[in-house]
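> Listed below are the residues making up each chain.
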Amino acid sequence: MKDGPHNHVDLAEQFNADEARVNWHDETLWWVRQKRDKAAWQVPEWEQLREMASQVKLHTLSNLHDYLVQFEQNAQRNGITVHWAADAEEHNTIVHGILQKHGAKKLVKSKSMLTEECHLNEYLHEQGIDVIDTDLGERIVQLAGEGPSHIVLPCIHWKKEEIGVLFHEHLGTPEGCADPQLLTNAARLDLREKFLTRRVAITGVNFAIAETGELVVCTNEGNADMGAHLADVHIACMGIEKLIPQRKHLGVFLRLLARSATGQPITTYSSHFVKPLPGQELHIVLVDNGRTTQLGREDFRSSLKCIRCGACMNTCPVYRRSGGHSYHNAIAGPIGAILAPNLDMKQYADLPFASTLCGSCSNVCPVKIDIHQQLYKWRQVLTQEGHSPAAKTVAMKGMAAVLSKPGVYRFSGKVGRWFMRVMPWLVNNKLNPWYKQRDMPAPPKQSFGEWYKNREAGKK
Amino acid sequence: MTVGLFIPCYVDQFYPQVGIATLELLEKLGCKVHYPFGQTCCGQPMANSGYEHLAHSCNDLFVKNFDGFDYIVCPSGSCTLHIKDHLHATHAQAEASAQSIRRKIYELSEFLTDVLKVQHLQARFPYKVGMHQSCHGQRGLHISQMTELIADGYSKPGQLLNMVEGIELVELDRKDECCGFGGTFCVAEEAVSVKMGKDRVADHLHHNVQYITGVDMSCLMHMEGILKRQKSHVKVVHIAEILNNQQ
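Residue numbers (this note's numbering), protein chains in the order written: chain C, 10 to 469; chain X, 10 to 256.
Read the hints as simulated data drawn from the structure, not as lab findings.
Glycine is no exception: its CB is placed at the ideal position from the N, C-alpha and C atoms.
Errors might be hidden in some of the hints.
If you only want the chain C side, here are some residues facing chain X, beta carbon under 10 Å, derived [what the hints assert, rightly or not]: (1) 14; (2) 18; (3) 42; (4) 46; (5) 49; (6) 50; (7) 301; (8) 366; (9) 425; (10) 428; (11) 438; (12) 441; (13) 453; (14) 457.
The calculated PhoX-like cross-link candidates involving lysine-lysine, where the alpha carbons are at most 25 Å apart (straight line), are [what the hints assert, rightly or not]: (15) C/377 - C/44; (16) C/423 - X/73; (17) C/386 - X/93.
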């Protein structure tokens with residue numbers, strides 16, 4: 010990911026070089042979308058549930074300061090150590106500081122998109138600390154030296170045969186073995202040793218409850234629990250938008266999260282961490298990293314409602330056909346495309362354009378983020394802020410000039426169609442990206458306007 | 010009832026038969042239709058590309074052309090949605106007209122079902138047809154139910170097509186997936202756009218359709234380009250052409 014192109018267009022084109030693989034990727038994720046549909050149809054009040062989740066999150070975001078303070082007080086009362094990090098760097102430094110205090114050189118980490126966002130693994134690696142990702146999908150991409158391509162299904166772009174080769178190399182599974190059960194068992198045995206020997210465990214946080222000062226971590230593999238229960242030190246890292254006001258609100262989100270993500274009624278484990286075990290330390294790192302900036306952007310504030318279910322990725326026809334890595338950001342897909350420009354407009358200026366604005370993402374979103382509307386708005390902001398290619402600006406100015414003058418428009422249309430009829434090679438060539446894999450429409454002799462004018466003249 | 014006919018720029022230039030079918034259909038149903046000759050475009054190509062600020066003169070031109078009609082009807086869900094969501098006038102005194110246009114503009118099929126309340130049509134189209142749900146009409150204007158929502162199904166264009174004699178509508182595997190046209194997306198993200206279009210076309214071909222129809226010629230133009238490149242005999246046809254067909 011570090012070398013090569015850093016824009017969606019080129020990365021997506023590379024991904025499309027292998028059409029059979031694109032078909033496989035598309036069908037795999039479409040299957041997850043269908044599982045989501047089936048699960049959602051089991052809940053007659055689904056749309057009300059989405060609305061309620063949206064309202065709870067909007068309320069929380071509008072009162073974030075108060076809820077954060079309340080959460081901190083209650084967490085401290087429970088014996089949890091609370092840290093505040095303004096950005097990714099501070100987050101990484103805090104985590105490193107805790108490790109140093111305990112002389113820890115190794116740790117296990119369950120799924121946390123926040124730590125991906127902060128590039129914690131790379132940072133700790135540079136400090137000589139060995140991080141083992143314990144979520145199976147995360148472990149696979151870690152062994153492969155990649156980042157996750159999906160927030161819920163990190164290695165969805167890997168086929169089981171390829172995982173077999175990877176595991177043969179790293180975990181000593183038999184050559185040619187692609188049996189998911191055997192491969193999973195090999196990972197399990199390897200991870201078991203890591204769980205038993207690591208003294209520090211990092212987990213993510215799905216929900217933090219202000220009223221009680223507790224954390225809720227959702228996994229299917231139980232790996233967060235295994236890590237946190239066996240370690241002397243549990244560090245939970247969370248973005249400040251993970252907060253919900255009260256425990257009673259949790260049911261709304263737990264009913265939506267797994268159904269939206271994978272079509273399961275609920276994740277296998279929804280674990281509540283309220284206080285440290287006897288003799289254990291429990292740390293929470295509350296991270297801003299651009300979230301308060303986004304909170305201040307009226308048009309984009311509601312992106313902070315996101316509960317990281319990944320439904321927008323599974324439904325996105327562009328994501329399914331371009332792969333998660335084409336978004337060159339920790340969080341891919343439609344939600345990544347509205348979160349990333351907040352962090353760095355220049356670097357991620359391409360992402361809001363990696364969409365047809367079809368709107369399917371907004372419809373599946375369990376917290377009703379108007380994702381496609383925000384993609385449209387980011388396009389305006391990025392252009393206004395000067396992150397648009399100069400050639401595009403010239404073309405758009407030309408287009409606007411033609412379309413704002415009816416005479417010029419009619420004349421250009423007539424001339425253009427004449428050229429297309431008489432000299433079709435002018436447009437039917439490799440310089441025209443439309444023509445590369447599609448034929449041009451046949452240019453008619455008469456436009457509708459010309460036909461209409463004749464008809465009206467005939468009436469007189 | 011006077012109707013201002015808004016024909017999108019690319020339909021005007023490349024698919025005049027769609028404009029003609031729309032006009033004839035509306036007149037057949039008793040509307041007094043006027044086509045303002047000074048019209049060009051809704052401004053969406055600029056706006057969706059991030060250049061909303063360059064669309065001002067296009068907007069003003071639109072307001073000038075379409076002020077004062079009882080309704081404005083357009084054979085495109087996408088252009089209709091753009092006007093409905095984004096039309097503003099540069100001068101404050103024209104803003105009321107812009108707002109009024111936003112309320113009075115209808116995509117053709119929703120105008121037929123919701124305003125004219127059409128119950129019967131004299132139309133015949135004895136072919137096997139696949140209906141492409143164009144996203145802006147569907148998810149933006151809600152002319153059909155969306156598969157993502159847990160809600161009862163309906164389809165305004167489907168309702169109209171079912172009034173056509175001899176038509177056989179097929180059910181697709183993916184009922185409402187985007188075709189990948191997406192305005193400038195179709196050239197800017199050529200690889201993904203074409204792949205999406207090929208997949209959409211394949212769904213229709215898999216169901217042995219003779220025609221692919223829809224409410225947006227832009228999606229159909231994109232799929233037509235792919236069909237022609239594949240030397241397919243399957244054709245695209247705008248819904249207005251089917252509803253106006255009496256062969």
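> Work down the list of hints and note, for each, if the structure agrees.
For each hint, the structure was consulted:
1. Annotation: residue 14 of chain C was flagged as interfacial toward chain X, and the flag is violated, the nearest CB pair being 13 Å apart, outside 10 Å.
2. For the restraint placing residue 18 of chain C at the interface with chain X, the shortest Cβ-Cβ distance is roughly 6 Å, inside the 10 Å limit, so the hint holds.
3. Hint status for residue 42 of chain C relative to chain X: holds, with the closest Cβ pair at about 9 Å, below 10 Å.
4. For residue 46 of chain C, the shortest C-beta to C-beta distance to chain X is roughly 7 Å, which falls under 10 Å, so the interface hint holds.
5. Interface hint at residue 49 of chain C: satisfied, since its Cβ lies 5 Å from the closest Cβ of chain X, which is below the 10 Å cut-off.
6. The interface hint given for residue 50 of chain C is met, as the beta carbon of that residue sits about 6 Å from the closest beta carbon of chain X, less than 10 Å.
7. With 10 Å as the threshold, the beta carbon of residue 301 of chain C stays out of range of chain X, its nearest partner Cβ sitting at about 25 Å, so the hint is violated.
8. Because the beta carbon of residue 366 of chain C sits about 7 Å from the nearest beta carbon in chain X, less than 10 Å, this interface hint is met.
9. This hint holds: residue 425 of chain C has a C-beta 7 Å from the nearest C-beta of chain X, less than the 10 Å allowed.
10. Annotation: residue 428 of chain C was flagged as interfacial toward chain X, and the flag is violated, the nearest CB pair being 12 Å apart, outside 10 Å.
11. With a least beta-carbon distance of about 14 Å to chain X, the hint placing residue 438 of chain C at the interface is violated under the 10 Å criterion.
12. For residue 441 of chain C, the suggested interface contact is upheld, since its CB lies about 8 Å from the closest CB of chain X, less than 10 Å.
13. Interface hint status for residue 453 of chain C: upheld, as the beta-carbon distance to the closest one in chain X is roughly 6 Å, under 10 Å.
14. Nearest Cβ of chain X to the Cβ of residue 457 of chain C: about 3 Å, under the 10 Å cut. The hint holds.
15. The suggested pairing of residue 377 of chain C with residue 44 of chain C holds, with an alpha-carbon distance near 19 Å, which does not exceed 25 Å.
16. Note on residue 423 of chain C and residue 73 of chain X: the hinted pairing holds, with a Cα-Cα distance of about 23 Å set against a maximum of 25 Å.
17. Between residue 386 of chain C and residue 93 of chain X the CA atoms are separated by roughly 16 Å; this keeps the pair inside 25 Å, and the hint holds.
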